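J.: Next come the chains, spelled out residue by residue.
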Amino acid sequence: MKEFLWLIPALPLAGSILLAALGRSIPARVSAAIGGGTVGLSALAVLAAGVDFMSAPPPEGFHVQGLWTWVDLGWFRAGAALRLDALSLTMAAVVTFTAFLILVYSAEFMEGDEGYSRFFAYMDLFVAAMLVLVLADDLLFLYLGWEGVGLCSYLLIGFWYREANNGYAARKAFIMTRAGDTAFVIGIILLAASFGTLDITAVMEGAASEWQGGRLAAAAALLVLAGALGKSAQAPLQTWLPDAMAGPTPVSALIHAATMVAAGVYIIARTHVLFALAPWVMDLVAALGAATLLISAFSALVQHDLKRSLAYSTMGQVGFMFLALGVGSWQAAIFHFMTHAFFKALLFLSAGAVIISLGGEHDMRRMGGLRSRLPLAFWTFLAGAASLSALPLVTAGYYSKDLILEGALAGGGTLLWGAGIIGAFVTALYAFRMVFLVFFGEAGADVKRRTGLKAALPLVALSALSLLAGFFGVPSFLEAVLPASQAAPPVGHRWAGILSSLVPLLGAAAACLLYLGKRGIVERLAGSGPGAVLHRFLGSGWGFDWLYERLFVRPYQLAARAGRADIIDAPYAGAVRLAERLNGLLVKTQSGQVRRYAAGMALGALLALGAMVFI
Amino acid sequence: MSGHLLSSIIFLPVLGALVLLFIKDARAIRWVALVTLGVDFALAIPLLKGFDVSTHGMQFVERHAWIPSWNITYYLGVDGISVLFVFLTAFLGVICVLASWKAIEKKVKEFMIALLIMQAAMLGVFSSLDMFLFYLFWEAMLIPMYLIIGVWGGPNRVYSAIKFFLYTLAGSILMLVGMIALYFAAGNTFDMLVLMEHKYTFAFQIWVFMAFFVAFAVKVPMFPFHTWLPDAHVEAPTAGSIILAGVLLKMGTYGFLRFCLTMFPDASRFFATPIIVISIVAIIYGAFLALAQKDLKKLVAYSSISHMGFITMGIFLFNKNGIEGAILQMFNHGITTSALFLCIGIIYERTHTRDIGDYGWAASRVPVYATFLFIFALASLGFPGTNGFIGEILIAFGAYEVYKPYLIVLLMGILGGAAYMLYMYKGMAFGADSHGHDGHGDSHGHKVWDVDFREAIALLALIVFVFWVGFHPEDFLGYMHESVGNLINQATASKFEGLGL
Chain P
1 MKEFLWLIPA LPLAGSILLA ALGRSIPARV SAAIGGGTVG LSALAVLAAG
51 VDFMSAPPPE GFHVQGLWTW VDLGWFRAGA ALRLDALSLT MAAVVTFTAF
101 LILVYSAEFM EGDEGYSRFF AYMDLFVAAM LVLVLADDLL FLYLGWEGVG
151 LCSYLLIGFW YREANNGYAA RKAFIMTRAG DTAFVIGIIL LAASFGTLDI
201 TAVMEGAASE WQGGRLAAAA ALLVLAGALG KSAQAPLQTW LPDAMAGPTP
251 VSALIHAATM VAAGVYIIAR THVLFALAPW VMDLVAALGA ATLLISAFSA
301 LVQHDLKRSL AYSTMGQVGF MFLALGVGSW QAAIFHFMTH AFFKALLFLS
351 AGAVIISLGG EHDMRRMGGL RSRLPLAFWT FLAGAASLSA LPLVTAGYYS
401 KDLILEGALA GGGTLLWGAG IIGAFVTALY AFRMVFLVFF GEAGADVKRR
451 TGLKAALPLV ALSALSLLAG FFGVPSFLEA VLPASQAAPP VGHRWAGILS
501 SLVPLLGAAA ACLLYLGKRG IVERLAGSGP GAVLHRFLGS GWGFDWLYER
551 LFVRPYQLAA RAGRADIIDA PYAGAVRLAE RLNGLLVKTQ SGQVRRYAAG
601 MALGALLALG AMVFI
Chain G
1 MSGHLLSSII FLPVLGALVL LFIKDARAIR WVALVTLGVD FALAIPLLKG
51 FDVSTHGMQF VERHAWIPSW NITYYLGVDG ISVLFVFLTA FLGVICVLAS
101 WKAIEKKVKE FMIALLIMQA AMLGVFSSLD MFLFYLFWEA MLIPMYLIIG
151 VWGGPNRVYS AIKFFLYTLA GSILMLVGMI ALYFAAGNTF DMLVLMEHKY
201 TFAFQIWVFM AFFVAFAVKV PMFPFHTWLP DAHVEAPTAG SIILAGVLLK
251 MGTYGFLRFC LTMFPDASRF FATPIIVISI VAIIYGAFLA LAQKDLKKLV
301 AYSSISHMGF ITMGIFLFNK NGIEGAILQM FNHGITTSAL FLCIGIIYER
351 THTRDIGDYG WAASRVPVYA TFLFIFALAS LGFPGTNGFI GEILIAFGAY
401 EVYKPYLIVL LMGILGGAAY MLYMYKGMAF GADSHGHDGH GDSHGHKVWD
451 VDFREAIALL ALIVFVFWVG FHPEDFLGYM HESVGNLINQ ATASKFEGLG
501 L
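Protein sequences appear in the order of chains P and G.
Note that the working numbering has the first sequence beginning at 1, numbered continuously upward.
Note that the working numbering has the second sequence beginning at 1, numbered continuously upward.
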């Protein structure tokens, strides 16, 4: 199978090219079959590669398949090569299977859209790019996938291009992530210039042997981190994600929840050697993760838009992963990436089922009482919410989140652990707030359409994964690539463990009190003066957009507008005007009057004579 | 023929122009021009195929005595630096005819003749090894370009044509003075290879460098000399913009490589840092102004200034990565920016407006066109997998070698590129399809249709190079390794004999 590794990204790419070439000439059914089918085949290829990999593990722990030499400068060579190891296998499996389920769902969700075929072409292109990103053995090749997913994100956020606002959201996402990517490229150049290669194994070995305790390691880690922050929507580059919800719901599920947004987590895990060399950068990773977790959890709590609430939730969960990375629990981070991919995709898809059956209604205030009318959406959403809240023992989210909190206590200290606990509490609170607002209480808008079979199957499959994936032995499988956390658990960790298991239950209970039945307390809080201000502040994502608008966007636009006429042209235009003036003056001397000419000649002769005599 | 390949490539367009004199039918004229430049392009392929990449020496050399009393010879030849531009020029010639097929309706014969003569002059500049011949071709480019802008241009064409002419002429005259000085300093020779070997005093290098620098900087155009470019682009017909952006701007940077670095290495090094600084200013300034433009052509013109800043920076980094990146980026810019101007021309033919505000329906009304535009926008902003990425990363490598903080500015320029290109694409493609009449016209009632066969051929041909360079740059970089190595040896050697003050 290792000779056929290239098929894994090539299949969706081929699907995308085929769909782009055939365009609107093929019926919708065929578009969906090509779009979903190629990703399905790719998932099977990953499965085959995985079976092969586990039955006959390679001695070094990874397979590499070289494709072609991309750039060869003599001192530096970057090859397009794929790498299969425990980490990339896990990532590729999650990406292809989740993507396949989401595409099956989309076949129904996107029905009747005029861009049906285009949708599948973009989604396939995204899957191909994401697979290049996770399978690349070379950082330059990885960067191709990295930018490729950003591009598809841009295309899919702006998928409904008739709405000009979607264009703004798409551009905002692209430029903000690219701001991070720019730093990432500097990091790549730094590594390339230092080691003459971007082969991941060689770079990591070189860094480990040459950069011990050096400032270069910290610089490289910081630059990689900046790229990761942009792509994973972590503070301070997080504000694009809520706006990215302008895209179709399956896009939000696949790109802006399950896979691309977690690419930052992957890249840090992939280059963990660099981070391990720079402890203070790791502390920064953990701190930013914890900060994002808290910022987003409180924002999610006050959103009215169902999808925006889920978007803030995604930021928070990725914040959990960053927290895990920062404290050295690499395996926990990837484990949580996997469970999060399942339950967040599930939440988005069942939210999509709700939205579409209400005729495009996003506002939770106009929902309610849908439990009996949309039972499938209710139960699947509940499964997702339970897993998101990490209800103990029965959900997958519990196992990964517990591992993270354990790691945070052991490797990060009480402060980070406390932030995690608060985050977990608020997470459970807003998760069940959504459940109660949407599915309980008084009936809101009318149900216009019911979920069909093609949408139901992925929902059920993802529900099963959201509840059961916690039993996959992913952390131990990853040990070959990612070292286990070394920190010894502190005294009293048992009590801490029990507390962290109880917190989600407390959160759910609090949601029950606050949002089930009469919401008197909440309404009174939000209605009071300071409460309303706080509500607005949290609802806008802590005012980051407001700040960035004034700090960056407006000054840039102002400066650009001021320079529109190109000030440098002024001296040239001035020279032209001067020449014209002089010309105008001299023209006056050509009056056609003989008397004047004679006078001029006499004067000239006099001057010339004078000059001859006196000088 | 193989012994005269370069002469054939240069003078075939002239022959075509002569044939055109005797044809009346506009349709036939277009076809003759297309066939002439098509054959010319076909001739450029054996030039690349037969090129020996293992040497930095001049190849396909032709040398005949011409004006013996002044020691002037007819001396042609290409090395790894110029061969790609002969190819690029020949390729873009075909694109230019395709772009003018319907856009030029009046005085078709005269237009095609101007285009063919222009083509010959540009090919001549890249192949000349005799400085006199070089200057002849250099000035010969001025007149057809002046006519192309001034006769077939937009409403303000005469102003722009004169501006273009005066700027370039002012530069060229300084260059002529420099050339005469060189001729006497090196012992009465115009042979460029001999001039490269000769040693000059430092003061002489400084003065002559400055004379050449201004001429080339106007052509590039570098930061304070750039203001003719937006005006020229806005008024020029599509083919004129393609020639300007695709080839003419490269003349300046080619001149830096051919003359400044090799003949006055000490002066070049002396001025390197200030030149890099104004290149950086150009990168940022161009990106800023591009974002502020409402006219599509002006936007791309300012983006050119930004991109050419990358190239001049790469050249004056004096290392292999920087210079190879700059040469590759010259080629890339020729492809990508020409493609963007072609795209603008295509839509302008339908709507007769270049105001971004008049669009916002490309994705829904002309989806194929929008796709092409998007791909070229990506190439322009240096997306990995496109040609722009490779060039920019090479220049970045070079910058890193010289002075690490350059990278930050460089990459800010790249980010600025993303901002203005997406601003353009959003303005063109995204938006409610509320304009128009019966769903066919634009906001002014013009009929709009998607790209036709002729346009698709031209765009696809350009896209081939976008991805070819993007995914397998070695096919292009391979030509220049030896020559750039040699160039760097020349440029880093100390060649002055005393200060000469």
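Hint data in this document are derived by calculation from the structure and do not stem from the laboratory.
Bear in mind that the values here come from a model prediction, so they are computed numbers and not experimental data.
Worth double-checking, as some hints may not be accurate.
Dumping the calculated DMTMM-like pairs for lysine to aspartate or glutamate here, alpha-carbon to alpha-carbon at most 25 Å [as the list claims (entries may be wrong)]:
1. G:LYS109 with G:GLU349
2. G:LYS447 with P:GLU210
3. G:LYS294 with P:ASP566
4. G:LYS404 with P:GLU114
5. G:LYS404 with P:ASP569
6. G:LYS404 with P:GLU205
7. G:LYS294 with P:GLU549
8. G:LYS447 with P:ASP569
9. G:LYS294 with P:GLU163
10. G:LYS49 with P:ASP72
11. G:LYS294 with P:GLU205
Far from chain P, some chain G residues (derived; all Cβ distances over 12 Å) [claimed, not checked]:
12. SER69
13. LYS199
14. THR227
15. ARG350
16. PRO384
17. HIS446
Each residue gets a CB set at the ideal place from its N, CA and C atoms; glycine is no exception.
J.: The structure should be examined with respect to each hint, and the outcome stated for every one.
T.: To see whether the hints hold, each was checked on the structure:
1. G:LYS109 with G:GLU349: Holds, because 20 Å separates the two Cα atoms, which is no more than 25 Å.
2. G:LYS447 with P:GLU210: 65 Å, violated
3. G:LYS294 with P:ASP566: Holds. LYS294 (chain G) to ASP566 (chain P) sits at ~13 Å (cutoff 25 Å).
4. G:LYS404 with P:GLU114: At roughly 49 Å apart (the allowed maximum being 25 Å), GLU114 (chain P) and LYS404 (chain G) break the hint.
5. G:LYS404 with P:ASP569: With Cα atoms ~32 Å apart, LYS404 (chain G) and ASP569 (chain P) exceed 25 Å; violated.
6. G:LYS404 with P:GLU205: Distance ~24 Å between LYS404 (chain G) and GLU205 (chain P) Cα, so the pair holds.
7. G:LYS294 with P:GLU549: 22 Å, holds
8. G:LYS447 with P:ASP569: Violated: LYS447 (chain G) and ASP569 (chain P) sit about 37 Å apart, past 25 Å.
9. G:LYS294 with P:GLU163: 21 Å, holds
10. G:LYS49 with P:ASP72: Roughly 21 Å separates the two Cα atoms, so the pair holds.
11. G:LYS294 with P:GLU205: Judged against 25 Å, a Cα distance of about 51 Å means the pair is violated.
12. SER69: Consistent with the label, SER69 (chain G) stays out of reach of chain P, its closest Cβ about 39 Å off (over 12 Å).
13. LYS199: 30 Å, holds
14. THR227: 4 Å, violated
15. ARG350: Nearest chain P Cβ is 19 Å from ARG350 (chain G), so the label holds.
16. PRO384: Violated, because the least Cβ-Cβ distance between PRO384 (chain G) and chain P comes to about 4 Å, which does not exceed 12 Å.
17. HIS446: The claim stands: HIS446 (chain G) keeps its Cβ more than 12 Å from every Cβ of chain P (closest is about 20 Å).
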